[in-house]
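Protein chains in written order, with this note's numbering: chain A, 1 to 83; chain B, 1001 to 1083; chain C, 2001 to 2163; chain D, 3001 to 3163.
Honestly, the hints are just simulated from the structure, not real lab data. In this text the structure is predicted, and so the values were computed from the model without any measurement. Do not rely on the hints blindly, as some may be mistaken.
Unchecked claim - Have a look at the derived ranges for each label pair, beta carbon to beta carbon: (1) C:Arg2076 <-> B:Asp1058: 41 to 49 angstroms; (2) D:Lys3155 <-> B:Gly1024: 17 to 25 angstroms; (3) D:Val3134 <-> B:Gln1018: 31 to 39 angstroms; (4) D:Asp3051 <-> C:Glu2068: 37 to 45 angstroms; (5) A:Glu43 <-> C:Pro2025: 49 to 57 angstroms; (6) C:Thr2049 <-> B:Thr1052: 19 to 27 angstroms; (7) D:Val3134 <-> C:Thr2049: 55 to 63 angstroms; (8) C:Gln2138 <-> D:Glu3154: 39 to 47 angstroms; (9) C:Arg2076 <-> D:Gln3072: 22 to 30 angstroms.
Said to hold, decoys possible - Computed cross-link-like contacts, DSSO-like style, restricted to lysine-lysine with a CA-CA straight-line distance of at most 27 angstroms: (10) C:Lys2155 <-> D:Lys3135; (11) A:Lys60 <-> C:Lys2026; (12) D:Lys3135 <-> B:Lys1060; (13) D:Lys3135 <-> D:Lys3155; (14) A:Lys51 <-> C:Lys2019; (15) C:Lys2026 <-> A:Lys51; (16) D:Lys3026 <-> C:Lys2026; (17) C:Lys2145 <-> D:Lys3155; (18) D:Lys3143 <-> B:Lys1060.
Beta carbons are placed, not taken as given, at the ideal position from N, Cα and C, and that holds for glycine.
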Amino acid sequence: MINVLFFAHLRDIAGINQIELPLGKMTHVRDLLSGLLPYVPIELIQALDDKTAMVSVDHKYAGWDAPLTDGVEVGILPPVSGG
Amino acid sequence: MINVLFFAHLRDIAGINQIELPLGKMTHVRDLLSGLLPYVPIELIQALDDKTAMVSVDHKYAGWDAPLTDGVEVGILPPVSGG
Amino acid sequence: MSDVVICEHDFNVGDEYAKVCAAAPKSGAVVFFVGLVRDLYDPQNSSETIDFLELEHYPGMTESLCQEIIDQARQRFPFDFARVIHRVGRIHASEQIVMVAVASRHRDNAFQASQFIMDYLKTRATFWKKEVGVKGQQWLGQKDKDLSATLRWEKNSTERKQP
Amino acid sequence: MSDVVICEHDFNVGDEYAKVCAAAPKSGAVVFFVGLVRDLYDPQNSSETIDFLELEHYPGMTESLCQEIIDQARQRFPFDFARVIHRVGRIHASEQIVMVAVASRHRDNAFQASQFIMDYLKTRATFWKKEVGVKGQQWLGQKDKDLSATLRWEKNSTERKQP
Chain A
1 MINVLFFAHL RDIAGINQIE LPLGKMTHVR DLLSGLLPYV PIELIQALDD
51 KTAMVSVDHK YAGWDAPLTD GVEVGILPPV SGG
Chain B
1001 MINVLFFAHL RDIAGINQIE LPLGKMTHVR DLLSGLLPYV PIELIQALDD
1051 KTAMVSVDHK YAGWDAPLTD GVEVGILPPV SGG
Chain C
2001 MSDVVICEHD FNVGDEYAKV CAAAPKSGAV VFFVGLVRDL YDPQNSSETI
2051 DFLELEHYPG MTESLCQEII DQARQRFPFD FARVIHRVGR IHASEQIVMV
2101 AVASRHRDNA FQASQFIMDY LKTRATFWKK EVGVKGQQWL GQKDKDLSAT
2151 LRWEKNSTER KQP
Chain D
3001 MSDVVICEHD FNVGDEYAKV CAAAPKSGAV VFFVGLVRDL YDPQNSSETI
3051 DFLELEHYPG MTESLCQEII DQARQRFPFD FARVIHRVGR IHASEQIVMV
3101 AVASRHRDNA FQASQFIMDY LKTRATFWKK EVGVKGQQWL GQKDKDLSAT
3151 LRWEKNSTER KQP
């Protein structure tokens, strides 16, 4: 299983905080764009497509090209605005 | 009269905190080098000659070429070391 | 004492200062930065006031990013001790939101490291702000100004900071 | 509240922070610098410890120089409020000696102005330090490092401070 967490603006669009999915045939983070499609509004996939969103794998920033392996936690992160 | 104040290291050399002198024929700050001679050890005049000392007139930094007028307060200032 | 604190409750600058001094008894310079919630919507030329911010973060990832930022700052500008406190949850206008403290032997590194940490906190650490007020609520995006503040540390990594 | 305080007694950073926040209610950024007496003779590679510093100043001139430095900083890096406290008299190792606090709308000016003020305090303000300890007593001269820190503000007066 992989655990996908949504934050802030993107969580509002997703309508959920997190979702657990079987890894299935997904091999890279970008495969989540289609893998999430059955569970979130299409607007989330569109929002992720515009490239301002960032992604983390196991608490480290990662690219959409990063490998996806069983048991990881993926964060779907809007541009940060702390401080 | 002019009032001459000595600070820190240069006060230690002068052996006095301050001295009041009649203006006399002194017209510029540098005239104090000779004007002070009767009242302070020669070592002070030598220390002032080496140019690291600074001078103030009425609480403002001034050059040795600044005019000296009656009633002013002159500060004889070693390089500062606050903060 | 932990170098990084993410918490909902407010912090006391006097107490924090005492802790930093105790943790860095050989330091001759302490720099504190405190960020407070301004009462206007962003952009700041807005004249409408906010009631509060809702601060969200990614628990676990945020702490490790903050520690990473502190470690990078220490490599660039060696110091004795640094501490970061960042509040999350509901924070009202004019309340404290973030504190960065750095103690070092000489003042230059304390100033440089605290700025470095703040710049990276703004652009790397996984915090998100939502403004709530008369105008409704809006998530804040990253500011170009903050991005360029971070980039300047990456362009000239060895030069001394110049005015 | 006066912007400049020259005094023999110690100051409390927590209290000072509260005063600065009260004086600058619209500020979103507060930077505090505190300088403490290090326990080694200058140069700092000395291994002999000092007991205390004797801090002397030129009453009247010092206050007006400090105010002038604050005014210059404000012109270069507009801020809401700044406060300088500098102790004089006998100050023991590890005690506080100087504080500079600046509150501004955004953090960059608070950081820049506080560094500007500290750099000029070191090289312009009429304070003199004497170290007293096991090695006897010695007046400190100006440090080249402090002079060059000041000069960098004069070389490029318009550029943003770069790393």
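Hint check for C:Glu2068 and D:Asp3051 - Cβ pair distance inside 37 to 45 angstroms: 41 angstroms, holds
Agreement of C:Lys2026 and A:Lys51 with the hint, judged by alpha carbon distance not exceeding 27 angstroms: With a Cα-Cα distance of about 47 angstroms, the restraint between C:Lys2026 and A:Lys51 is violated, given a limit of 27 angstroms.
Pairwise beta carbon distance, D:Lys3155 to B:Gly1024, judged against the given window 17 to 25 angstroms: Given range 17 to 25 angstroms: violated, Cβ gap about 43 angstroms.
Cβ distance range 41 to 49 angstroms for C:Arg2076 and B:Asp1058, holds or violated: 46 angstroms, holds
Assessment of proposed distance window 49 to 57 angstroms (beta carbons of A:Glu43, C:Pro2025): Holds: the Cβ-Cβ distance is about 55 angstroms, inside 49 to 57 angstroms.
Distance restraint between A:Lys51 and C:Lys2019, which requires alpha-carbon spacing of 27 angstroms or less: Violated, at roughly 42 angstroms.
27 angstroms limit on alpha-carbon distance, applied to hinted pair D:Lys3026 and C:Lys2026: 35 angstroms, violated
Distance restraint hint 39 to 47 angstroms, applied to the beta-carbon atoms of C:Gln2138 and D:Glu3154: Cβ of C:Gln2138 to Cβ of D:Glu3154: about 43 angstroms, so the range 39 to 47 angstroms holds.
Outcome of range test on Cβ distance (D:Val3134, C:Thr2049; 55 to 63 angstroms): Given a distance of about 60 angstroms, which is inside 55 to 63 angstroms, the answer is holds.
27 angstroms limit on alpha-carbon distance, applied to hinted pair C:Lys2155 and D:Lys3135: 46 angstroms, violated
Holds or violated: D:Lys3143 to B:Lys1060, with C-alpha atoms at most 27 angstroms apart: 22 angstroms, holds
A:Lys60 paired with C:Lys2026 [C-alpha distance capped at 27 angstroms]: 35 angstroms, violated
Hint violations for this structure: numbers 2, 6, 10, 11, 12, 13, 14, 15, 16, all remaining hints satisfied.
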